[in-house]
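J.: Hey, can you piece these two chains together into the complex? The hints should help.
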Amino acid sequence: MTQDQARFAEDFLPPDEQDTATMRRARATDTTEGRMFTVTGGDWEDLLADNEFEHDERIIINMGPQHPSTHGVLRLILELEGETVVQARSVIGYLHTGIEKSCEYRTWTQGVTFVTRADYLSPAFNEAVYCMAVEKLLAIEVPERAQVIRVLLMELTRITSHLVALATGGMELGALTGMTAGFREREEGLHLMEFLTGLRMNMAFIRPGGVAQDLPENATERIAAFIKIMEERLPEYDKLLTGQPIWKARTVGVGLLPLEGCMQLGITGPILRSAGLPWDLRKTMPYCGYETYDFEVPTLTEGDCYARFLLRLAEIHESLKIMKQCNERLRQPGPVMVGDPKIGWPAQLSIGSDGMGNSLEYIRKIMGQSMESLIHHFKLVTEGFHVPAGQAYVGIENPRGELGCHVVSGGGTRPWRVHLRDPGFVNLQAMPAMSEGSMIADVVAAVASIDPVMGGVDR
Amino acid sequence: MTTPSGTGPAAQPDRTSVDTPAEKPSGTTTDATPQGGAHAGDVARPEQALHHPSSPVPTTGLERTGMFGAHGSGDTSGYGLLISEPYTPAPAERPYGGWFDEVADALLAAMHERSIPPLALLQTTVANGEITFYIHRDFLTVMLWAIRDDESLRFELASSISGVDYGEGVPKRLHVVYELTSMTYRRRIRLEVAVDVDDAHVPSAVAVYPTADWHEREIWDMFGIVFSGHPGLTRILMPDDWLGHPQRKDYPLGGIPVEYKGAEIAAPDQRRSYS
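Chains W and C are the protein sequences, given in the same order.
Numbered as in this note's numbering, the first sequence ends at 462 without a single skipped number.
Numbered as in this note's numbering, the second sequence ends at 321 without a single skipped number.
Source of the hints: derived by calculation from the structure; they are not laboratory data.
Note that beta-carbon positions come from the ideal geometry of N, C-alpha and C, so glycine has one too.
A hint or two may mislead.
Unchecked claim - Take a look, some chain W residues computed to stay more than 12 Å from chain C by CB distance:
no., residue
1, Val89
2, Leu303
3, Lys324
4, Asp357
5, Ser376
What the hints assert, rightly or not - Distance windows between CB atoms, simulated:
no., chain 1, residue 1, chain 2, residue 2, range
6, W, Gly37, C, Ser274, 26 to 34 Å
7, W, Glu224, C, Ala155, 52 to 60 Å
8, C, Pro164, W, Pro71, 55 to 63 Å
9, W, Arg334, C, Ile311, 43 to 51 Å
Only chain C is shown next, with the shape it has when bound in the complex (with noise of 0.2 Å):
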């Protein structure tokens, strides 16, 4: 009945038939309200992530079926039928440890100086010793101003700007990840911006972070957001008359089966796939 998140996007139309609720007109960002930590304990629960249309973080992520993660053949065993919930990222608990608190401080403190609204910071999560903001798309420029210039921030360097998508059935599936350095307080922050499949929009941040203009190009050509302000997004790796956008998830692996010794092995993204 399914198919495994990563068996490739051929057989992949068909998560739309597993129960996982399929994109919601209203799950665009400007439709977020404002959560912050207050809602921790709601939003740790992936399905209350998953229902609730004003969720701050959508899950990243597909469920994922089975135990020994097969598909596609006989399963007398039962363990087929169990469910892994598809993956949220869980709001952290003060104290955040470390200098996460201080920057946490500092962040809330520059936001007020600089009457930015505090539903501009959707959700702050720690983990894997990482301390990741997600912001509230449209004031993404203000915070990037912020977060370079307060005196207790200094995040001078835009180390990464990459994209992610996290499939298709899951609603803002489009991820802008920025990996930011202080190169005066040595410590490394991310932000990260979620966007709608349909509504591929984020603002541009060339102004603030001159480095980020190959990058908001190559995410553009490989995933398809727009950056709104960018001074020439045009394709950087693909030929300029592409179609598509090459590192969506429904935009197939490509290749082409291999015989080898009589035996016909399929392309990587047609082969059984144990994730």
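Bound conformation, chain W alone (with noise of 0.2 Å):
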């Protein structure tokens, strides 16, 4: 190395010395893109002290994928003039795992233990609109009660997400005490969801016909504790953050995106209600039977962070209106998989001495009286049920916004191809628009008020 070339203080080091000292320093390197700063490890101090360092103020940052503020594995390019942001643009992609091509090599009804982990924050969305695109296809109707316990699941999932957007759009903006009580909240939740499924997330309870099994006995006793206990502590959201100052100086007109930018970017969800539009699907194309519950849209008009904070807030409270009515009619027993032995799962769980599996009544019947029974069951289980050629297309309201399910069968057992439209991977487009103008702090405020959850938007 020659001393023109020598840019450090560690460049005059003995070579033996030079490289665990290189390993520590802060970096520039020449690119085609022009110079590029590297600081990992080391010491903007280094860069500072160097004479050939411009006082540029314009330079590209990158933030992620691995930054806690922006959630998940997403990378933003900004470009910076100074603290502003000049021009944004999100990289996605770190956490793309196949799960829709997947699905195709697996029966229809294994796909939904695929699908409910996309978006793995409300994998009661995942499963439903899933199934509801394979049945469309099978022209099947679902029974009540099982359509109840949909509703129910989706309902409560949509709390816990909403609550997981409280606590680390809180966190992100500084607000710690947000994100532990946003979590603990959460946490009741997914107990809640571990009793009445078996599993806190990624349940694969949402089956094509119905749902898995039947609820537990006490559940509606649970579900009544839960709602209770919620009711107790959301005046704690309002008194810890709604007119909090600092919270609202961070959130108020941030972000912005008016109703017009709602519309062109395809924008749907809290974002969506936040610029004033009421449209949410459960109530403007009607599914699962939700035109039968009582509850209201939250709509504000502002469009900014401070706005989608207070609508999910809201929504929360709505959920549980629906919850109690869910858990009315849950009084009222009945089936929960269609009754069509071609497509209704044929086994019963049950808990048995040896842990969780087929009741023993069914084993008995299976094994020891009906030849055809087992037969059925043989076939479901290893070959599965075909499904009339054709393609469908449901969509439901998720906690971020519209869900789509979009099918095609080819006639056979397994699907021909599943794609999701996921409200996270469209609203993410939206980052840009709210942020470039504003401070780099802004930018924070705006991801976390998208609630982009990356494995939805990957897939």
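T.: Structure below.
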């Protein structure tokens, strides 16, 4: 190394000591895109001490993909003039797991297990929308009780998902108590989910034709207890955040997206409703019997991060209202899976001495009494059911907006194509419109208010 | 002899030996002649659609053989010789029912008003309570403008745009499917454009629906369909330097055999399939 090229104090060290020193220092490298500075493991001081460093105010910063305030593995490329964001672009794909392609190699029922892992904060919605699309192709009606259970699980999931949105959003803006409170309440919701379905997340409980099995005994008591706890604790969020001056300073008027911008960018969910359009598929294009429930669609007109926060909080209250009505309807017993033995999953699970498995009566029936039942069980479990050829699209309202599922069947026992229209994927396109021209700290608030879940965005 | 349609791409090159007609060079979209609903009776029969080079909507899917779905084992039942013909969406007959007629009439009127030739609308299909308009590729953008802006249509929201690959051996195997929502009238329709794999170009919808930006990038990434006029058609889910388009049917799923208690379980796309 010649004296001209030497830029750092380490360059003057003996060669054997240089290596360890280089690993620690901040570096400047010349690339085709201009000079690139890397300070990982080093210090800005090194760069600033360097005479060649031009004090250029315009820099491009890569925020993410591993950054605590970008909501998972989201990478933001920000072009800054001082602290003002001139251009912002998001890079996604870091969590692409090929869920859609994997579905093509499993039976229709197994597909539920894949799609539930897409948007991992709202698994019940992924399962429901996929099953509703399959049921549309099969032209079957799901029993009333299964519909009620689906609505119950979806609203419970909406509450837990909104709580995470408040919690992580609060954390990213420095309201750490918001995070601990949000995760504390979410834990209550996940405990209830575990009691009802057997798993906290990714339950694969909703199946084509209904739900995997009926809710356990005491379900209504546990649901009522959860609603009671939530109603006691939700006012704390108002005390903690709604009127808090710092929270308002960080969110009011920040991340603005007016209605025309939302319409152009195809935005749905709380972001659209914060801009003034009361568009909620539960009301506008009802499914699962939502038209028979009494609830409101909260809407505001400010179109900023604060309005979105208020809407999420209000929607938790509305979801609790729906859960109460579900709880009433659950008193009516009934089947939870279609009666057609060519489609409905045959077994009912129960707890035995060696853990959970097929119930003893069922085993007795297929092994000792009915050869046909055994054949049906074997065919359904290994081969699955055939779905008539064609395609279907179903859209439902998940916590982030319209979650759509487009399925294509070639007539076989496996999906030909499954596509999830994830609202996080579409809504994330609004990030530049919300944050260009604002301060870098407001980008964090804007992304938090979009509430993207990368599992759903990247699928 | 044949492989099941879902067995996986590794086994699929055999498909060409089956007597499904291979893609004809004349099968490109630009050669499609106007048919509309006028040809209704003919197109409904799959074999006609297959052997008709200018059929507006080609088959969507492969023929399936056998009754029990299992292949590769000695079949002495005779059911293995059964052949189910590939599925072709049938054109709908008037009346379509519900508000479908209203939308179809409004669409025809809007096309007339904007001097879009009738051949732009290749076929209308009603199935599963949904209406699908098959659109000629060259007229996609003008049709989208009409569908979005016409007062009696007003499909303001492009809910979802997705690609479908109907597999090797199917003419015009790549489809782009537009799910459009009218917030004014609370209706959903579907538009579909089919292109050849050798000429996978579709005009971009970004000018009409800016939300199409990422959808189209995803379809380019996953299916290799080029959207002409897109402001920046780059990969979105896969790395920039990735080769191939993973959701094509001839792209392998991947995966490795797993050993479990001494036995080996093949990768998902290599296992015996029943479909």
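J.: Each hint needs a verdict: does it hold in this structure or not?
T.: Do the hints match the structure? See the list:
no. : hint                               : in the structure
1   : Val89                              : holds (18 Å)
2   : Leu303                             : holds (18 Å)
3   : Lys324                             : holds (23 Å)
4   : Asp357                             : holds (18 Å)
5   : Ser376                             : holds (19 Å)
6   : Gly37(W) to Ser274(C): 26 to 34 Å  : holds (31 Å)
7   : Glu224(W) to Ala155(C): 52 to 60 Å : holds (59 Å)
8   : Pro164(C) to Pro71(W): 55 to 63 Å  : holds (57 Å)
9   : Arg334(W) to Ile311(C): 43 to 51 Å : holds (45 Å)
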